[in-house]
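S.K.: What follows is each chain in one-letter form.
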Amino acid sequence: MVSAVLLLLLIAAVVIGPFIWRVSISDIDVVAGMQGPSVAHPFGTDDLGQDLLARMIYGGRISLAVGLAAMLVSVFVGTLIGALAGMSRGPLGYALMWLTDLFLSLPQLPLLLMLIYLFRDGLKAMFGPEGGIFILIVLVIGGLRWMPVARLVRAQFLSLREKEFVEAARALGASPVRQVVRHILPNALGPVIIAGTIDVAAAIIAESTLSFLGLGFPPDTPTWGRILYDAKDFLDIGPHWALFPGGAIFIAVVAINFIGDGLRDALDARKVI
Amino acid sequence: MSQYILRRLMIAIPSLLGISVVLFVVLALAPGDPFSELATNPNVPPEVQAALRTKFGLDDPIYLRYLHWLAAMAQGDWGFSFVSRINVDTLILQRLPTTLYVIGSAQLLALLIAIPVGVYAATRPYSLFDQLANTFAFIGFSLPTFFTGILFILVFSVKLDWLPFVYTDVPGSGIPWLLEMIRQAIMPVMVLGLFQAASMTRFVRSAMLDVIRLDYVTAARAKGLGQAKVIVKHVMRNAMIPVVTLIALQMPAVFGGAIVTEQIFRIPGIGSLLISSILANDTPVVMAVTFVFACLVVLFNLIADVLYGWLDPRISFR
Amino acid sequence: MFDNNLRGMIDDVRDGRMDRRAFVKRMIAVGLTAPLANQILAIGGVAMAQSPNPYKPTKRGGGGPLKLLWWQGPTLLNPHFATGTKDQDGSRIFYEPLASWDVDGHLNPILAAEIPSIQNGGLAADAKSVVWKLKPGVKWHDGKPFSADDVVFTWEYASDPATAAVSSATYAGMTVEKVDDLAVRIKFKDPTPFWANAFVGAYGCIIPKHLFAEFKGGKSREASTNLKPVGTGPYKFIEFKPGDLIRGEINQDYHMANRPYFDTIEMKGGGDAVSAARAVIQTGEYDFAWNIQVEDEVLLRLEKGGKGKTLYAVGGDIEFIAINFTDPNTEVDGERSSMKTKHPILSDPRVRQALALLVDRESIKKVIYGRAGRATANYLNGPEEFVSKNTKWEFSVEKASALLEEAGWKAGSDGIREKDGKKLKLLYQTSINGPRQKTQAIVKQACQKAGIDVELKSVVASVFFSSDVANPDTYSHFYADIEMFQIPMTQPDPALHMRRYHSRNVATKENKWQGPNFPRWVNKDFDAAVDAADTETDPIKRADLYIKCNDLMWQDTVMIPVMHRLAVEACSNTVRPALSGWANQTDNLQDWYRET
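Protein chains in written order, with the working numbering: chain A, 1 to 273; chain B, 1 to 318; chain C, 1 to 596.
So that you can see chain A by itself, here it is in the shape it has in the complex (with noise of 0.2 Å):
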């Protein structure tokens, strides 16, 4: 319930926050730069001055947006693909699996250089600058990390087919997708809910190393792992600089890892023989 709460403040806070700080993210003042927090700038200043509070918040929208985007899209693509390669006994198994196996081997940095350079006017086109930027990011980081749900969701799969209740279910006549739903897939969730709360730290950061290659948002926006990442030469200097979106980073982690076991409890599945 906690974590609920705490990630509704959260997402509260960079909604309804720009409303109440209204400061800009972008104004320079390089006078005014690499400040501690005090009461013109709660959180401090970057070495530009900007205001980080602002910034913050303006980031907060973006990172949790693309982490959480993301996180779905690798954990939907995962279970998916994992559920079908562990339930099928044919050819279909190992043709994703060597699909899973080919996305784990491909270098990520020339293949997001290779989309960026065949996709990023077309999408830019389609959705408009800051909607293409967003479903190519969120399409990107989802679909560069969903081999690991994959694999951990077909390993539990193929253990789980073979156990009595479920070839208790198949004998009482009940269809595959029946099986899967009902009594496979609540029990594989465990490792897929773990994946889950990682991916999204992981999307978060692996956003701002996307903007490095000229794939994410433009380079003046701020976002949390942006943020962290410029700030991690200065961390001797300004450690109050980094302090903030770690921190948020790791709220937001911990947030979405309860929600995820308070799902499984909800879901609850045990009692298996």
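Hints may be right or wrong, so weigh each one.
[As the list claims (entries may be wrong)] Derived pair list, reagent style DSSO-like, types lysine-lysine, alpha-carbon separation capped at 30 Å:
id	chain 1	residue 1	chain 2	residue 2
1	A	K232	B	K159
2	C	K304	A	K232
3	C	K457	A	K232
4	B	K55	C	K187
5	B	K55	C	K216
6	B	K159	C	K309
7	A	K232	C	K307
8	C	K309	A	K232
9	B	K159	C	K307
10	A	K163	B	K229
11	C	K219	B	K55
These are computed hints drawn from the structure, not numbers from a lab.
Add chains B and C to chain A, keeping to what the hints say.
M.R.: Here is chains B and C on its own, set in the frame of chain A:
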């Protein structure tokens, strides 16, 4: 079982070929070229840059380049680096020992932390120990290695002056050499190991919890078996399936290196070779490293599948 | 300029009526650098002086190890394959040119016995040939003698297209012949006022004929010496791991007295600039780190009570914003930014001037470059002889706004200016690099205040600077309105630097975007001045022509110079390196020592 393994290995050959085609196409389509450093040098007119491209065959059609690569590869020729103009296998072999040592140690450290901590935390869910372990795990994977690496350097090298942060070849031999090798590996191994351990702990704990609450475990306890024996014999074996999956996913990285950590500590591993080759569009090197990596991915996933069958004999492979 | 006056002074020096040091001082007083003053004297028929030697050690060796940190490690050790400066730096530990640019910017003989001049018969008055005399008794690291054959071979090797040498252009347009065992003559096809390019500096390194003779042309890659260099330099090769490590040991047979000072040398590669600075300045793990492009604030902090400091060397590297004169958004015959179009917004000089007024060089210098930058209005910033005094820059949002008003761009409802229903919106691209993204942010903010909407774009450096014909994101395609990067000056002469913008060099689809004139700027007067300067042998008239070129670029606002950049290195408090803004960091390695 051996027949199954044999068949899987047979399938591996075409599937690796397929992967190599995709890898090659991605690398060939990825923009950039190996000579971009020349671009702004007034001493080197653009024609020189263009002539080098042509000379190294970068302007040939992709399928021709792939066939050249495949034909050479079949004869054991890995090609040569455009940037260093030396053979790719020499480059990789130079980097391999360091990667195996540093990244391997980090993975081992991750396992040595994650398995005991995860198991112990799962046996006492929501105890103080469990809470602490979870909090550290969340911090661990919330903070990227580029950040923790610098934090470690500031604390242990700059403030305390205990450890060096530039990983380099230590001349000499014997015990002092060995100690120095260990000393300079401490920080990178810790940074990477703890990061891996954080997520691994969560997986181990969750896998254990999934099994520990099951009826047969309660039954085993009821039969009067000791706690430790129950945990090890009944719970762990069944909880190992996700853990084995994860380890199999991680193992290829022992060859592939860890790009960020290697960069921070200047470890001459395969990860830093890969990233500098990618940034320089040194396709032969990138292709070789990723292809070996792909072979290891396929191999370890096969090993994982075999281990599933051993851990849970009911899993059947046909 | 001060044409006659200067000519008189040169004569005075030649005839001994004026001390050459007094001449150099006067030249510096009117804004020349020492190297230029000396070059002027050389062409004017006065031999170059060597700078007073600050080298203190009185015996060879005994200095222990020298540990260098290059955050991009050298990837190869053949100087003629060296793609980046890192490779040149690494090769230069083992190989040597005939001469290099020293600390004060003089041409300092290395393998040459003396610097060619008109007096010693080295320079021809028509600037069409040079004779280099070689130092006797120099030995390669394997004990074989060094001779004129090696020099001639180096030219053959580098100029052979099949060798695929990166230095090929340096050796084009000339023939090199052996005069005797210790002298070679370079014959230029055209009068070449700047004769000190071949066999000088990084691409001037001489390679041993006896080891490379079989590997000239198509087999160049197979030479085992590519990986195990055998040169004449102060340190002998021990070990090389591409991108990671170079190790060398003292050359006991080195051809200069009491040199080198250090017993071993290590050049470690990899990592990033900030941590390299830490390893030298804060922890002292290393003696010297190269190319520390780090925010000045971070450096100042590190230097407080540290074990090292930063050093700055002045050259002519310029960071600038280039303006596109063609339309990047209209495609003509499969090509954007085509010469058949005109930029809809930026072809108006008032808009270009307004943009120049919106670059806040002071803030950029303060937060980003600090001591490593000098604000400038000139594209050509060195050597001093070529630096224009006729230009100025200022930062003023008000003046920029006024200019835009005048040009018919009126503020719209959202604060963005518009004209004929078109928004004043510009795409500003650059390569990915921390300081550049910060500069973009600062410029963008000023533009917004003046009612210009700026969209920022950054491209990975390996793509931005590639010659990939198919990729639209390269600087030479210039599919953006304005773009920013740096062009270095690799030697103290502006010829190559300025020839770029000749109208025959415009980058187009037809020449596969290989034309170096990426702004696609066409100006008859500029063309005429560059053409004249290319063959002008009178150094004073030549300098005037280049100043004219610079001023034309300024008047037309082709480039908005952002920062004249200095080379920044981190160095231990005890090591005394010999650095020059006109040379590679390791170019005068033989003169490095440690103060004890």
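S.K.: For every hint, state whether the structure bears it out.
M.R.: Hints versus structure:
1. K232(A) x K159(B): holds, 16 Å
2. K304(C) x K232(A): holds, 19 Å
3. K457(C) x K232(A): Holds, at roughly 23 Å.
4. K55(B) x K187(C): holds, 29 Å
5. K55(B) x K216(C): holds, 15 Å
6. K159(B) x K309(C): Given pair K159(B), K309(C) holds - Cα atoms ~18 Å apart, limit 30 Å.
7. K232(A) x K307(C): holds, 22 Å
8. K309(C) x K232(A): Holds, at about 22 Å.
9. K159(B) x K307(C): holds, 14 Å
10. K163(A) x K229(B): holds, 23 Å
11. K219(C) x K55(B): holds, 12 Å
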